[in-house]
Structures are given as C-alpha cells and as structure tokens.
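Participant: Listed below, chain by chain, are the residues.
2 protein chains.
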Amino acid sequence: MSLYFEDLVVGTLAGLGSHTFTKAEIIDFAQKFDPQRFHLSEEGAKGSLFGALCASGWHTSAVWLRLVIDYRMRQGDFMRFRGERPARYGPSPGFEKIRWTKPVFVGDTIRFSSQVHEKRDTKSRPEVGLLLSLNEGHNQNGDLVFSVISKMFVERRTPLGVT
Amino acid sequence: MSLYFEDLVVGTLAGLGSHTFTKAEIIDFAQKFDPQRFHLSEEGAKGSLFGALCASGWHTSAVWLRLVIDYRMRQGDFMRFRGERPARYGPSPGFEKIRWTKPVFVGDTIRFSSQVHEKRDTKSRPEVGLLLSLNEGHNQNGDLVFSVISKMFVERRTPLGVT
Numbered sequence: 001m002s003l004y005f006e007d008l009v010v011g012t013l014a015g016l017g018s019h020t021f022t023k024a025e026i027i028d029f030a031q032k033f034d035p036q037r038f039h040l041s042e043e044g045a046k047g048s049l050f051g052a053l054c055a056s057g058w059h060t061s062a063v064w065l066r067l068v069i070d071y072r073m074r075q076g077d078f079m080r081f082r083g084e085r086p087a088r089y090g091p092s093p094g095f096e097k098i099r100w101t102k103p104v105f106v107g108d109t110i111r112f113s114s115q116v117h118e119k120r121d122t123k124s125r126p127e128v129g130l131l132l133s134l135n136e137g138h139n140q141n142g143d144l145v146f147s148v149i150s151k152m153f154v155e156r157r158t159p160l161g162v163t
Numbered sequence: 001m002s003l004y005f006e007d008l009v010v011g012t013l014a015g016l017g018s019h020t021f022t023k024a025e026i027i028d029f030a031q032k033f034d035p036q037r038f039h040l041s042e043e044g045a046k047g048s049l050f051g052a053l054c055a056s057g058w059h060t061s062a063v064w065l066r067l068v069i070d071y072r073m074r075q076g077d078f079m080r081f082r083g084e085r086p087a088r089y090g091p092s093p094g095f096e097k098i099r100w101t102k103p104v105f106v107g108d109t110i111r112f113s114s115q116v117h118e119k120r121d122t123k124s125r126p127e128v129g130l131l132l133s134l135n136e137g138h139n140q141n142g143d144l145v146f147s148v149i150s151k152m153f154v155e156r157r158t159p160l161g162v163t
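Protein chains in written order, with this note's numbering: chain A, 1 to 163; chain B, 1 to 163.
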C-alpha cells in the first residue's frame, strides 16, 4: 500500500497477484542461496523429505516481497495521478512468524495477499505509525503454503499529537 | 550443524564465515525481488531513508542462509569421513524475529554466526527434536546488522522414549 497511516483500515485485504514457480528459477535461487538437494534437481529430490523438486522457503518469501513492492508502486502511481504524494514506508523493525506450511513444487501457482492486521501508535516516533500486516500465499488447490507478519513504519498525514 | 539432536549443546556458537556485499549483487537481488530505489542505484539511494545504496534485508537473509547450508554440508562431510551418517535436518516449522538492525552498504563485510539457543522435546514427533538457533550478522565495525531465530526439526540418534 502507499496509503498514509491514518487511511489504513484494519481487516482490509489486498490481492497482490500470483506467481507460477518454474523449475529454472527454483534451481537458480537454490544454487545461489539454498543448495539443498530437494531444491536443486528432480533427481536429488526423490527420496528426500519433500519427494519432489520444490522451492526454497526463502525463494517463496522473496517472490512475495517482489509482489508487495510492485503493489505499493502501483498504488503510489495512482496517488500521484490523483495529485497526491504517496506515503513513505519503512524502515521495518522486523518480521515475525515466517511459516512455510506446505512445499511449493515446480509449476505451482501461488496467490499472495496482504491484510492490514493491526495499527499501533508510536509515541517515540510521532511522524509515523507501526503497521502490522498478515501476508499469505495459497497454492492452486487453496492450501496455505506461506505466511509472515510484517512490521513497517508508515508515514502519517499529521504527526501524532498535532491537531 | 549436521549433528544429532542429542549432541547439540545450548550455547555453542558456530562461526559461519563472512561475506562482502558487492554493488553488482546488491543490485541484482533488488532487481529481482526488492526494487526499491535505495537498493537499485547509488543515485536513487541519495536522499532516501538510508542515504546510500544498501542491500535488501532479504538479500542479507539469503546470504546468511547460504552460509548455514555450506556450514552444515562441511560438518556432514566431516561426519561421513569419520564413518557416521549426518543427522537429517528439516523441515522448519518457521522463523521468528527477523531483524535488520543496521543497513548493509556496498563493500560491507558481514560475519555471520549461529548459536544453539534452545532444545525442545517434541512428543508428537519422537524421532526428532526441535532446535532453536539464534543467528546473527555483524559488520566490520562490530555492529549487529541482522538477526533471526530459526526453528528446525533435527533427527535424534534414538527416538524419544526409547531406552
């Protein structure tokens, strides 16, 4: 979202779009960052924990990240089109509860979403608020494969305490 | 580590080695997964939140992951050399508290470590135990730039309850 903190509504669900994981990109990510046999080749994955070639959980996370950034940029473009400066996002004080609840296999299409989970005032930083988002990815069968709670400082229209 | 659950000692600290982040790899990761201006070019980073080109936090995480996997493989090779089958690791029930406490700028050398943080018996899965590790990255000035708590199921030599 590139919305200002005041305009975020708890419960709002944003569809981020979907991504189909190809064999080539799964192997490419694994060779760079997660060279375990079930991420590197179909052959190596046989008889492994997952039984077939599947994406590194960190690859799934990185694809989710890309879709969030793209979403925020589209939202920002729309706000600029309406003559408004998009809100500044970041930095993040951290992420919580990363879960990879099912494997992402070659050819799986994962649909990602982001929901406004909670808003917290930050008295020590009156110019921003803390946004907690619940992010999820579901495969083509509707199974949850990925979730993470992100925390992000989001610019306010009006600093806290100023009326 | 490729050690069995019984052999892991709380407090043991493993040095995972270090990595120097180049401009090219920072930009490459950002173009794929995190195309925000402070990750894409020196010029775009000026006047941004961080003031200079810096790595995506997810890039730092992915580099840590690679060093963990390499460490575990070296440990596994050593165990095989001694005639022992390395313990099976995984899957992970999730990661907690990812923090990027300082930016990682071009040319920074980050030294990563992993400490055995806690061991939990898992009665529903007697063949494994749950390992919690505290993973950290420090830059060349000694500043903490990254931390995450990983959870991993680790094979036991002897299933829980068998004596």
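Hints listed in this document are in silico derivations from the structure and should not be mistaken for laboratory results. These numbers come from a predicted model, not from an experiment. Among these hints, one or two may not hold up.
The list makes no distinction among identical chains, and a pair is therefore deemed to hold if it is satisfied within one copy or across any two copies.
Said to hold, decoys possible - Straight line, CA to CA, 27 Å or less: simulated DSSO-like cross-link-like pairs of lysine-lysine:
1) K102 with K123
2) K97 with K32
3) K46 with K97
4) K46 with K151
5) K23 with K46
6) K32 with K123
7) K46 with K119
Participant: Now tell me if each hint is right for this structure.
Facilitator: To see whether the hints hold, each was checked on the structure:
{"no.": "1", "hint": "K102 with K123", "in the structure": "between (39 Å within a copy, 22 Å between copies)"}
{"no.": "2", "hint": "K97 with K32", "in the structure": "both (24 Å within a copy, 24 Å between copies)"}
{"no.": "3", "hint": "K46 with K97", "in the structure": "neither (29 Å within a copy, 33 Å between copies)"}
{"no.": "4", "hint": "K46 with K151", "in the structure": "between (38 Å within a copy, 24 Å between copies)"}
{"no.": "5", "hint": "K23 with K46", "in the structure": "within (15 Å within a copy, 37 Å between copies)"}
{"no.": "6", "hint": "K32 with K123", "in the structure": "neither (41 Å within a copy, 36 Å between copies)"}
{"no.": "7", "hint": "K46 with K119", "in the structure": "neither (45 Å within a copy, 30 Å between copies)"}
Hint violations for this structure: numbers 3, 6 and 7, all remaining hints satisfied.
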